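J.: So the chains spell out like this:
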Amino acid sequence: MTTGRLAVWWVIGSEIVIFGGVLGSYIMHRLANEGWANVGFAGSTNEYIGLTNTFVLLTSSLFAVLAHYAAEHEQDGKKAANYLYLTTAGGGLFLCIKAFEWYTEISHGLTITANNFWSFYYVAAGIHASHVIAGMIIMVIVAHRAKQNLDLHRVELIGVYWHFVDLVWIFLFPLLYIAK
Amino acid sequence: MATAEVTHEAHDDHGHHEDEGFFKKYLWSVDHKVIAVQYLVTGMAMAVIGGFFAYVFRMQLAFPGEAVPGFGIVSPAEYNALVTNHGTIMIFWVAMPVLIAAFGNFLIPLMVGCDDMVFPKINRLSYQIFLLSAIVLISSFFVEGGGFGGAWTAYPPLSAVSEYNLTPLGATLWVVAVALEFVAFLLGGINFITTAMNSRAPGMRLYDIPMAVWMIVVASILFMASVGPLIAGAIMLIFDQTLNTGFFDPAKGGDPVLWQHLFWFFGHPEVYVVLLPALGFVAEIITTFSRKPLFAYRTVLYTVFGTGILSFTVWAHHQFISGIDPRMAHIFTITTLLISVPIAEMMFVYIATLYKGSITLNTPMLWALAFIGEFLIGGVTGIFLGASGPDVFYHDTYFVLAHFHYTFFPIAIIGSFCGLTYWWPKMTGKMMNETLGKIHFWGTVIPFNVIFLPLFVLGQLGQHRRIYSYEGFGELMREDVWLGMGMQDMRVLATMALVVMLAFQVVFFVNVFITLRKKEKDAGPNPYNANSLEWLAPSPPGHGNFAELPTVYRGPYEYSHPDRKAKGTDFWPQWEKE
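Quick mapping for you: the protein sequence lines, in order, are chains B and H. Take this note's numbering: the last position of the first sequence gets the number 180, and nothing is skipped along the way. Take this note's numbering: the last position of the second sequence gets the number 578, and nothing is skipped along the way.
A couple of the hints might just be wrong.
[Stated by the list, open to error] With the C-beta cut set under 8 Å, the calculated list includes, among others, these residues of chain H facing chain B:
1) Ala-225
2) Gly-228
3) Ile-235
4) Phe-239
5) Thr-242
6) Leu-243
7) Ala-251
8) Asp-255
9) Leu-258
Calculated directly from the structure, the hints in this document are not laboratory data. All values reported here derive from a predicted model rather than from experimental measurement. We put the CB at the ideal spot given by N, CA and C, even for glycine.
Bound conformation, chain B alone (with noise of 0.2 Å):
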């Protein structure tokens, strides 16, 4: 394997574990409490928006596929920068969205300390948004240098991390929104 993506392979690993931890002590903590899903909060979140940011998520990590092609296939790293940059855009919409949704919930009373759920509910997704804002912050200085033909190998580095992003929404969603 090259050390690149040795690398980028340990930072999956360890952040698989820390959402590993999360999701595990969440999924633990609901099975122990049966009357847990009847409480009502859980019902609470907005399976719509959650659908909208998965579909959002996924697109963008589209965008981080054919940025990758263009870079590797097509040694175009101005094309895999405008690429990337709409990956970007992607994450900052799901941001919004997010941001958006946070807001409703907040202002209606469900924060962080509503209960248990809403508690898990907001440590997990806001875990895996500052993991969205990192893998944005790190897109734009990747795309930076790609736009010069520089370092196109990075392209790919930083969309195996994306994708991993992605993952864990994938499993965030049904975890937070469906089952109830």
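On the provided structure of chain B, position chain H as indicated by the hints.
T.: Leaving out everything else, chain H in the frame of chain B:
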């Protein structure tokens, strides 16, 4: 290529170093050897703090209520903070930085034959975050309410609710410091694995990697794979402390045992994270000073992998009395007893390596032999605790305390001195004084046993941990219980032995001081006639490590090789073809 480009940048930085000031050279360096020294010095400074804490609370236990010289009267809250931070410091700010970060940074590039770590800037960032974490921890002692006193395991609700722990700021700073430390080591691990896997000298196959490097790499992987849940747990605990969430608070529907699972899922592999590097150092030392190949290199390697995998399946033996299902406790008893098998096997392998060897009893070798002997006691007493039945009785007694000090002291202190005394000539180019080294060795190891053997007995007699003063407990103040000593006499004996041991550490620092003052660099590149690649580089290695990057022709342990007799030597370095 990432590698080529990054190392190229590193070279540019090397070039600058020659005319940079102190700050640039020692705090902003990307050179793996400077970063290693940074970790080493920080770790040793923290060890002095941790040792001082032990001295203060042991004095309180021996002479309750009396003023401790150098500290004064110890209040119960201070006692708790001292005990908690002694444990935290010794594991996270001494064992980890010295064994893994300092030696990992110093040894991996030298032992695999490359000029620096693959990502030098990430390496620098790793140390800077580590330094920040140490500063946060130390600052937590001085905030209002004092340092956190809820034990290094930080069980909630004590750690989560400030009305219980009475250290609202100290507790949060403690969690933040620990979390930052984890981030620092996750960043450090990136370099360890990528450098060991992708930057090896030409010709070095996986089975030619010296055991010390393998052990540090496996330890880093174990750390990476186990620490995540605790990072998540730390975030949850910080929110419990500051935002009043109820993850671990039963009153709010949370579960305090959840923290115990998150903590020990990391906490138990962590034992092996620090054990493995120490075992690696011992392997290097006993092969060099018994002039024998490592007995069953591949078996040791597979055993290390096996230990690593098993170490993820034992964590709930810390919770036998926390209300886990007894059937579950049986499973964890079995896995816990199982993990003693690979460790015992490694001990036998080391003894087999020594068997019929031509043994030189110099200071590093003494430390290595002491490691094997002392760790054995820690391992054997662990079997009592790993079985769920006896553990009900032993849980949270001084028997547990003595047990894990018989594992952690050999790991963190003896293991560090193994590495330090063995690689000191490589780090500085100068040989340490053997006489002072041996005085320091005996002055450390004998008092160590005098401290902790009585604590096994006290634990057997039911002495509970984390008690400020035993004066109020008649059954723990009995007279004439062991060798004519009463229980309080044994506490005094242990404390006196600790004072003696700490006093003997002065000998070590004197030795370091004398050695550093020596003008002549008398070590030469290979003072021990050892085989691995770091002994090809000059002592101390300059920027870029090797005059010319080496090629590897064989494994690292070819001592007493029959083909070498004709040449008049008994060893065959990895870099020599003929």
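J.: Does each hint fit the structure? Answer for all of them.
T.: Hints versus structure:
1. Ala-225: 6 Å, holds
2. Gly-228: 3 Å, holds
3. Ile-235: 6 Å, holds
4. Phe-239: 7 Å, holds
5. Thr-242: Since chain B brings no Cβ nearer than about 11 Å to H:Thr-242, farther than 8 Å, the hint is violated.
6. Leu-243: 6 Å, holds
7. Ala-251: 12 Å, violated
8. Asp-255: 7 Å, holds
9. Leu-258: Nearest chain B Cβ about 6 Å off; hint holds.
The structure does not agree with the numbered hints 5 and 7 stated previously, though it agrees with the rest.
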